[in-house]
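Asks: So the sequence lines, in the order shown, correspond to chains A and B.
Numbering-wise, our numbering puts 394 at position 394 of the first sequence, and it's gapless, one number per residue.
Numbers given in our numbering equal positions in the second sequence, counted from 1, plus 1000.
None of these hints come from the bench; they were simulated from the model.
Beta carbons are placed, not taken as given, at the ideal position from N, Cα and C, and that holds for glycine.
Careful, some of the hints might be misleading.
As the list claims (entries may be wrong) - Pairwise CB distance ranges, derived in the manner of DEER restraints:
(1) 22(A) with 1087(B): 55 to 65 Å
(2) 1006(B) with 13(A): 39 to 49 Å
(3) 1002(B) with 177(A): 24 to 34 Å
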Amino acid sequence: MNAIVFTALWGVIMMIAGAFVRSTTAPRYMGMLGIILVFVVNAMELTSGFSLFTLPTMDMVRSSTFNLTFLAVVFGITFLIFLLNGRDIEKIGKHKFEYFAILFFILCGVSLVSTFNNLLLLFLGIEIMTIPLYILTGSDKRNLVANEAALKYFLLGSFSTGLMLMGIAFLYGSNPVASFYINNMQFGVGALPVLTVIGMLLLLSSMSFKVSVAPFHFWTPDVYDGAPTVVTSFMSSVIKIAGFFAFLRLFENAFGVMHAQWQMLIALLIVATLLVGNITAIFQQSVKRMMAYSSIAQAGFMLFALFAMNDMAREGLVLYSAAYSLASIGVFGVLARMDDITYGGFNGMGKTHPLLALGTTVCLLSLTGIPLTAGFLAKFYMLASAVQTGVYFWLVVVAVLFAAVSAYYYFRVIRAIYFKSPEGNNEGIKVSRSFEWILLLIACLIIALGINPEWLLGWMFI
Amino acid sequence: MILFTIGVVGVLIRRNAIIVFMCIELMLNSVNLLLVAFSKMHALSPVAKASPTFASDAQVFVFFIMVVAAAEVTVGLALIVMLYRNTHSVDVNFLNRLKY
């Protein structure tokens, strides 16, 4: 509750400040201040259950330590993005305060979708999350590629919203108690009415759309590629994990009773996602586009949380969110500072920028899932939760095979970093000393989580 | 339902960004109609009547959909205008620069 109110408030404050403050560095510092504030009030609610506001929400919002921990991860990640790429956010265009304000509004949507208990709030949260994102994607107004990405994202995104609304309407029509509350759907087990099935499938496809799961992934590479790199960094981390969290929350509460009936469907989606993401990523020439496809592949792993849907899967999703976002913002953060975003741009980085190279390498290793990094434990949790369900063991085997495939394209970058000679002096990479240290901090966090995930997961059980 | 189908088909086959956009709006509005119809239907059933907010829920939902649709229109039209300024066309086929 704290987080929802504070993010929205801070967004408004920043917007008003934009009208009066002329300073060019103020937006970045105000953004950081805001995110720290939000993190603190969220942590207060997490540790002591202390809420600053008591609003009559009619039980539409429900928070537990599980989703507050998740929100803490989201705010932490956003803080790191501000720290790492704050200057790049300011460089997108002229309206510096507004970009940060929009980011805060998105965070408000994220807080809504991770605590909703009602389909109305799911819909509103998803919209509050995506509509500002369309603007951010197109914020580079003169760039035709960014325009195209924004329009594509907008048309497909609102199309999937339409599907989601249709699904919600069907669910409302078919459930006997006429309720939008996801914990009070009362579908029962056994053969389902046709309307419920259609509604569930529509919701499944629209949520898959939002998190870019395989048959609905077409927009992802184009949008990730066309958007300004900072925005891509935010999109691939915060938006994606929030989408997954909403996905899990919706299906766990509303359709949890008939889990066995749609488990097969999820299994098929996982295989399709892993296949498309990993195989297409191999053939990319641009690292930014490769990362877009790899984010589809990682979505396949996160989907295991829906497949298994047990305690381990819940812990796994939080850990995976943290691990994946940390690594992803690291790599995209570096890409945002590079002129040449093909593999060639990384050539010889190990010699010219040793610290930067080290940080990037740790991030890439974590994405691959090498032991001692958070990515490994996250993948392990996901697969272990799938094994615990005791069905479809082949799925785990397939996932492990594709994780091995993914090593190919991540290691291609590492090979370029350390084993190729630089062309010239790598002047295309513009980083400051502090940027390198922040990247190393992210790398340390990744390794710390890889050694002891309890530092994060412990918060779920206070 | 028919409106919704027209909307979906329109999004899939038309090539003009503004018409695609209108079709999306059509989808949202068909959902509005459907929600109101379902709410009326539930009002006749005794089980649903027992729930405290039985008929008003869907109708409130409709208002929220309208508001969100309006917000989407502002953003969407702005994007289309931005594209038109740069390319002097609103043809979706124009959008093929982002490939490999």
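Asks: For this structure, which hints from the list above don't hold up?
Replies: Violated hint (a single one): 1; every other hint is consistent with the structure.
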